[in-house]
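Peer 1: Sequence:
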Amino acid sequence: MAKTKSEAVQEFEYKAEMKQLLHLIVHSLYTHRDIFLRELISNASDALNKVRFRQLTDKNVLDPEADYEIRIEVDEKEKTFSIEDTGIGMTRDDLINEIGTVASSGTLEFVKKMQEEGKPLDGNLIGQFGVGFYSVFMVTDKVTIETRHADPDSRGYRWVSDGQGTFTIEEIEKSNRGTKISFTFKDDAAEFASADRIKEIIKKYSNFVDFPIYVNGQKVNTIEALWHKPKDQISEEELTEFYKFLTNDFNPPLAHLHLSIEGAVNFKALIFIPETAPPLFIRETFKKSLHLYSNKVFITDESEELLPEYLRFVKGVVDTEDLPLNVSREVTQSSPVTAKIRNVLTGKILGFLEELAQNEPAKYEKFYKNFGPLFKTGVNTDFTNRDKIINLLRFETTKTGKGELISLKDYVQRMKDDQKGIYYLSGETREEVENNPNLEYFKKNDIEVLLLTEPVDVFVVPGIGEYEKKPLISIEKADLDLKKDERDDEKLGTALAEGLMKIIKETLGDKVEDVIESKRLVDSPVTLVVGKEGLDRQMEKMMKMMNRDYTGSKKILEVNLSHPLIKNLARLNLGDSSHPLLRKCILQLYEGALLIEGNLTNPNEFVKRMTEIMEEATKG
Numbered sequence: 001m002a003k004t005k006s007e008a009v010q011e012f013e014y015k016a017e018m019k020q021l022l023h024l025i026v027h028s029l030y031t032h033r034d035i036f037l038r039e040l041i042s043n044a045s046d047a048l049n050k051v052r053f054r055q056l057t058d059k060n061v062l063d064p065e066a067d068y069e070i071r072i073e074v075d076e077k078e079k080t081f082s083i084e085d086t087g088i089g090m091t092r093d094d095l096i097n098e099i100g101t102v103a104s105s106g107t108l109e110f111v112k113k114m115q116e117e118g119k120p121l122d123g124n125l126i127g128q129f130g131v132g133f134y135s136v137f138m139v140t141d142k143v144t145i146e147t148r149h150a151d152p153d154s155r156g157y158r159w160v161s162d163g164q165g166t167f168t169i170e171e172i173e174k175s176n177r178g179t180k181i182s183f184t185f186k187d188d189a190a191e192f193a194s195a196d197r198i199k200e201i202i203k204k205y206s207n208f209v210d211f212p213i214y215v216n217g218q219k220v221n222t223i224e225a226l227w228h229k230p231k232d233q234i235s236e237e238e239l240t241e242f243y244k245f246l247t248n249d250f251n252p253p254l255a256h257l258h259l260s261i262e263g264a265v266n267f268k269a270l271i272f273i274p275e276t277a278p279p280l281f282i283r284e285t286f287k288k289s290l291h292l293y294s295n296k297v298f299i300t301d302e303s304e305e306l307l308p309e310y311l312r313f314v315k316g317v318v319d320t321e322d323l324p325l326n327v328s329r330e331v332t333q334s335s336p337v338t339a340k341i342r343n344v345l346t347g348k349i350l351g352f353l354e355e356l357a358q359n360e361p362a363k364y365e366k367f368y369k370n371f372g373p374l375f376k377t378g379v380n381t382d383f384t385n386r387d388k389i390i391n392l393l394r395f396e397t398t399k400t401g402k403g404e405l406i407s408l409k410d411y412v413q414r415m416k417d418d419q420k421g422i423y424y425l426s427g428e429t430r431e432e433v434e435n436n437p438n439l440e441y442f443k444k445n446d447i448e449v450l451l452l453t454e455p456v457d458v459f460v461v462p463g464i465g466e467y468e469k470k471p472l473i474s475i476e477k478a479d480l481d482l483k484k485d486e487r488d489d490e491k492l493g494t495a496l497a498e499g500l501m502k503i504i505k506e507t508l509g510d511k512v513e514d515v516i517e518s519k520r521l522v523d524s525p526v527t528l529v530v531g532k533e534g535l536d537r538q539m540e541k542m543m544k545m546m547n548r549d550y551t552g553s554k555k556i557l558e559v560n561l562s563h564p565l566i567k568n569l570a571r572l573n574l575g576d577s578s579h580p581l582l583r584k585c586i587l588q589l590y591e592g593a594l595l596i597e598g599n600l601t602n603p604n605e606f607v608k609r610m611t612e613i614m615e616e617a618t619k620g
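Counting in my numbering, the sequence shown runs without a single skipped number right up to 620 at its last residue.
Hints are computed from structural coordinates only; laboratory data are not their basis. Here the structure is a predicted model, which is why all the values come from computation and not from measurement. Ideal placement from N, C-alpha and C gives every residue a C-beta, glycine not left out. The reader is advised that the hints may include incorrect statements.
What the hints assert, rightly or not - Capping the alpha-carbon separation at 25 Å, the derived lysine-lysine pairs in DSS-like fashion look like this:
#, residue 1, residue 2
1, K443, K409
2, K584, K619
3, K416, K470
Claimed, not checked - Using C-beta positions, here's what the derived DEER-type ranges look like:
#, residue 1, residue 2, range
4, D417, T611, 49 to 57 Å
5, G509, E434, 28 to 36 Å
6, E454, N359, 23 to 31 Å
7, E498, K402, 37 to 45 Å
8, E355, E238, 20 to 28 Å
9, F250, A66, 29 to 37 Å
10, G401, T144, 53 to 61 Å
11, E404, N599, 28 to 36 Å
Produce the entire structure from the sequences given, and follow the hints as far as they go.
Peer 2: Right, here's the structure in full:
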């Protein structure tokens with residue numbers, strides 16, 4: 001809310017969330033303080049791109065003949081710094097709403113969580129969260145912005161803040177368009193008051209900015225569209241430097257793809273796969289993936305139409321001469337040319353991933369562990385490339401070590417001759433899945449089972465249906481076609497078994513869909529499985545998360561007729577079918593199965609009954 005300080009100057013208070021974030025930035029982000037310059041240059045470059053794009057179709061702007069440039073002045077003696085651009089400039093509303101507000105919802109929450117977990121907070125996070133301007137408060141106590149928007153009838157404004165809790169805005173005389181940011185360095189940041197140090201940082205982070213950067217009148221950066229150079233003329237060092245400039249990532253890329261396409265559509269592209277997934281991966285939308293250019297003129301960095309969502313983890317540049325620049329960005333993005341580029345790019349990236357998987361499996365596995373949860377959703381959304389995506393999926397299994405991944409092709413090659421399908425089991429963790437009673441038959445018979453522990457798996461894997469004519473089968477289904485049990489001689493006799501199954505059905509009533517003999521259990525007395533119309537338990541959990549009123553379907557209780565406890569209960573039933581211990585044990589077995597699958601709703605009753613059973617068992 002604005003408070004009038006004087007007639008000319010208005011004071012504004014930051015929102016509570018912004019205050020907290022500013023405090024965290026100023027007091028917690030001590031590493032890589034030099035990124036303040038990267039962020040200021042990045043903002044200046046964005047402003048220049050915006051005014052350059054506008055002038056393609058609208059010449060009615062302030063200072064239409066002004067050069068696109070960034071000028072930095074630094075005074076080592078006075079410890080002063082300023083950066084000025086001839087970009088789009090800001091209005092009064094921009095200063096209030098864009099400079100005075102947190103850019104990304106979830107930013108503060110994430111930063112706090114990092115602190116609570118004792119993880120290091122470094123400057124790498126700032127640019128990714130869209131609060132880069134505020135990194136200046138790591139090196140200064142007070143910042144001044146002087147700006148004027150490119151509209152001819154705009155006015156000049158001065159914005160001042162110490163980053164504590166308020167900022168002021170006043171109208172000023174400013175004849176030229178653009179923005180100037182100035183401040184004095186703190187004593188402990190005096191190293192940045194050196195022109196040589198500033199030049200060094202520009203070469204490190206901002207060498208490929210599209211516009212000339214001058215430091216005390218001397219041009220510093222290399223302005224070069226790297227994607228227009230032939231592959232063999234680009235060094236790994238240049239690629240890494242360009243990637244870091246483009247993404248604000250401190251790490252080098254995991255891999256890159258350089259394309260020069262001519263034919264139905266013409267474009268050049270430089271595509272990178274990041275080495276690590278960004279913070280808030282999956283939660284945040286992926287608008288900023290590829291930067292779109294038209295003949296070296298920047299159009300947008302929010303080119304959502306250039307790639308399907310499941311590939312938006314990639315970063316890079318696409319440049320085409322086929323896009324008209326005399327239309328809006330929205331029309332540009334929805335043009336037939338964009339659709340053609342998307343189709344070609346998608347195929348090339350998938351082909352590149354296939355090569356990576358074949359020739360550099362360690363790199364591919366790293367990519368998959370980082371971006372697999374997003375990538376595998378392509379199975380259900382990109383039907384043109386569905387088979388390629390399925391071949392690129394990777395899974396842990398009962399025969400792989402933790403973290404070791406195999407493809408469906410690997411699985412099929414390892415299948416037993418008489419095996420009917422590709423079996424899978426889902427759960428929240430590998431440990432949980434490995435202890436699931438439904439695995440017992442498969443362990444005993446040395447049959448490999450895919451272990452699915454990512455939430456997205458329950459939506460993706462069942463949708464595959466079959467692979468190389470082998471159906472994908474959940475081992476939680478009741479109607480599994482399993483071999484005859486070799487332990488028939490250990491089972492209960494028919495009469496004892498029928499009597500016990502009848503009393504179990506009576507005791508559980510409508511809690512279950514049915515009670516049947518189990519072929520899959522070896523060491524456990526009972527397990528719950530899914531009927532023909534039911535959903536796997538992980539899918540049911542997901543449905544309950546999305547809809548609190550979702551109850552799920554009733555399960556089928558399978559009983560291991562070879563288990564000693566089941567035999568004891570059968571004899572107890574034969575002697576006295578009304579014995580209270582019999583029904584208590586049946587309920588306890590059923591609720592124990594619910595507990596294993598995470599669906600026990602009344603643990604107090606379960607523990608109370610367990611105590612009663614132990615009391616009876618230990619009577620003298």
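Peer 1: Each of the hints needs a verdict: does it hold here or not?
Peer 2: Status of each hint after checking the structure:
1. A C-alpha spacing of about 21 Å is found between K443 and K409, which places the hinted pair at or below 25 Å, so the restraint holds.
2. Proximity of K584 to K619 is assessed by CA-CA distance (about 16 Å); at most 25 Å being required, the pair is judged to hold.
3. Using a Cα cut-off of 25 Å, the hinted pair K416 and K470 holds, with the two alpha carbons roughly 12 Å apart.
4. The hint said 49 to 57 Å for the Cβ distance between D417 and T611, and at roughly 50 Å that hint holds.
5. In this structure the supplied range 28 to 36 Å holds for G509 paired with E434, their Cβ-Cβ distance being about 32 Å.
6. E454 and N359 have their C-beta atoms about 26 Å apart, which keeps the hinted 23 to 31 Å range intact.
7. In this structure the supplied range 37 to 45 Å holds for E498 paired with K402, their Cβ-Cβ distance being about 43 Å.
8. Checked against the hint of 20 to 28 Å, the pair E355 and E238 passes, with Cβ atoms roughly 22 Å apart.
9. Remark: the range hint 29 to 37 Å for F250 to A66 is upheld by a beta-carbon distance near 34 Å.
10. The hinted window of 53 to 61 Å between G401 and T144 holds, with their beta carbons roughly 58 Å apart.
11. The hint said 28 to 36 Å for the Cβ distance between E404 and N599, and at roughly 30 Å that hint holds.
Hint check: no violations occur; every hint is consistent with the structure.
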